[in-house]
Amino acid sequence: MKIWNDTQPIFIQVRQRIIDLILAGTGDTKNPLPSIRQIASEFSVNPLTVTKSYQSLVELGVVEKRRGLGMFLSKDARTILLAHERDNFLNEQWPRILAQIKSLDLSLKDLMQENAKQENAKQENAKQENTMNEQNNGKQAK
Amino acid sequence: MNNIAATENENIVEAQGLRKKFGANIVLKGIDFSIPTGRIYGLVGHNGAGKTTAINALLGLTNYEGKVRVLGREPFANRAELMADIAFISDVASLPRFLKVSELLDLMGDTHPNFNFEKARELLLDTDISLRSKIKSLSKGMLAQLHLAIVMAIDAKLLVLDEPTLGLDITFRKKFYQRLVEDYMSENRSVLITTHQVDEIEFLLTDLIFLRNGEIVLDSTMENIARRFSQVFIDPNKLEQARQQKPIYTRVQLGQTIMIFDGVEQEIAQNLGTLSTASVSDLFVALMERPSGAMENSK
Chain P
1 MKIWNDTQPI FIQVRQRIID LILAGTGDTK NPLPSIRQIA SEFSVNPLTV TKSYQSLVEL
61 GVVEKRRGLG MFLSKDARTI LLAHERDNFL NEQWPRILAQ IKSLDLSLKD LMQENAKQEN
121 AKQENAKQEN TMNEQNNGKQ AK
Chain X
1 MNNIAATENE NIVEAQGLRK KFGANIVLKG IDFSIPTGRI YGLVGHNGAG KTTAINALLG
61 LTNYEGKVRV LGREPFANRA ELMADIAFIS DVASLPRFLK VSELLDLMGD THPNFNFEKA
121 RELLLDTDIS LRSKIKSLSK GMLAQLHLAI VMAIDAKLLV LDEPTLGLDI TFRKKFYQRL
181 VEDYMSENRS VLITTHQVDE IEFLLTDLIF LRNGEIVLDS TMENIARRFS QVFIDPNKLE
241 QARQQKPIYT RVQLGQTIMI FDGVEQEIAQ NLGTLSTASV SDLFVALMER PSGAMENSK
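Which chain is which? The protein sequence lines are P and X, in order. Using the numbering used here, the first residue of the first sequence is number 1, and each one after it goes up by one. Using the numbering used here, the first residue of the second sequence is number 1, and each one after it goes up by one.
Hints in this document: simulated from the structure, not taken from any laboratory. As the structure is a computational prediction, the values presented were derived from the model and not from experiment. Ideal Cβ placement from N, Cα and C applies to all residues, glycine included. Treat the hints loosely; a few may be bogus.
[Unchecked claim] Subject to a maximum C-alpha distance of 25 Å in a straight line, what follows is the list of computed BS3-like cross-link-like pairs (lysine-lysine):
1) X:Lys175 to P:Lys52
2) P:Lys127 to P:Lys117
3) X:Lys140 to X:Lys119
4) P:Lys109 to P:Lys122
5) X:Lys157 to P:Lys52
6) P:Lys52 to X:Lys174
7) P:Lys102 to P:Lys117
[Stated by the list, open to error] Have a look at the derived ranges for each label pair, beta carbon to beta carbon:
8) P:Phe89 to X:Asp235: 53 to 63 Å
9) P:Thr131 to X:Ser139: 51 to 61 Å
10) X:Leu61 to P:Phe89: 26 to 36 Å
11) P:Gln16 to X:Phe98: 43 to 53 Å
Taking the hints into account, I'd like the entire structure generated from these sequences.
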């Protein structure tokens, strides 16, 4: 039931959910975003909190309020959001990750090697899946 | 938010010096509070703290001393009139068991001026309740849903819910509150909820009132609560320093000391360990266990 952490104000956390929604979605500027009421109901938070979250996205220039129609993505929503989220990552999360990397005594070489290993594994998996799909398709064709 | 300025002088509920005694037993010791529009108030307290008595006074179900206005009217003398604009689910709610659901809707339509028959029917479509069912054959969860559908279909300005989800399982409770936000809440309506499962609705609430032994111990917006109270997982090397900040509550959990502070500046609190927001239930324990209320160093 506990879907929120208690270290950040709730409106920030709701805003993050909306941001995730926008970044994940193929949203366009023509269709309205979920209404304040929908989000409030979905997350069981009060509508004033959602209003505040949307308001801060309006201030960022990500969301536009169209009178009587609801909330819409602005034209440059994705660009602004990506810039904002990258900034956020580099300033907030990266220092912590960096500290962890240092405390674990990992070198850049280690990290790159691990990266290559994982990329390889991914490609292997994809290959296997492809051959399996081909086999399946072959069976079905027969 | 533009609704704040507009509501300043039109509170839905206004209570000043609300006092009630049963014989020698003083249940409410002269409490003051108000509920503006567009808010969801949580009224929390132990059993016997006076919650239901306070609600009954607002609804005109009991006489009292002091001044109470609900939608501008004195409730005890104007109960019938007020009921057109107030909806209420009591913790001992009982719907007439011998009726069918459809008959209950008819009855509501005939007797309540602001009851929207069609809306009630629509709301029931989303449930497993059939209009032909006898009320006495419904499960506890269905009864709560039926009750909610009926009060939602009333075009009320104030909705009072006294332990509305008592005895319901978690799915039903969740659904109940989702419906409440979706179908009822708006800028010119307010809700007053009492519940013991307060952690479940802490983010639903806009305001919180703690009642203890007939007195208000805390009456604040959730925003101010987050600003005023801080919970800190204390750094073991800073225990003594932390104690000097006079925590209102201390508990030890797996060797970790957790303290709640009232009105300690964020920078100072941050310095003592890991800062977080106290949950409503932690605050409840912190404020209700104290020998004296928290009001003296508030605001």
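Q) Which of the numbered hints above does this structure break? A) 8 and 10
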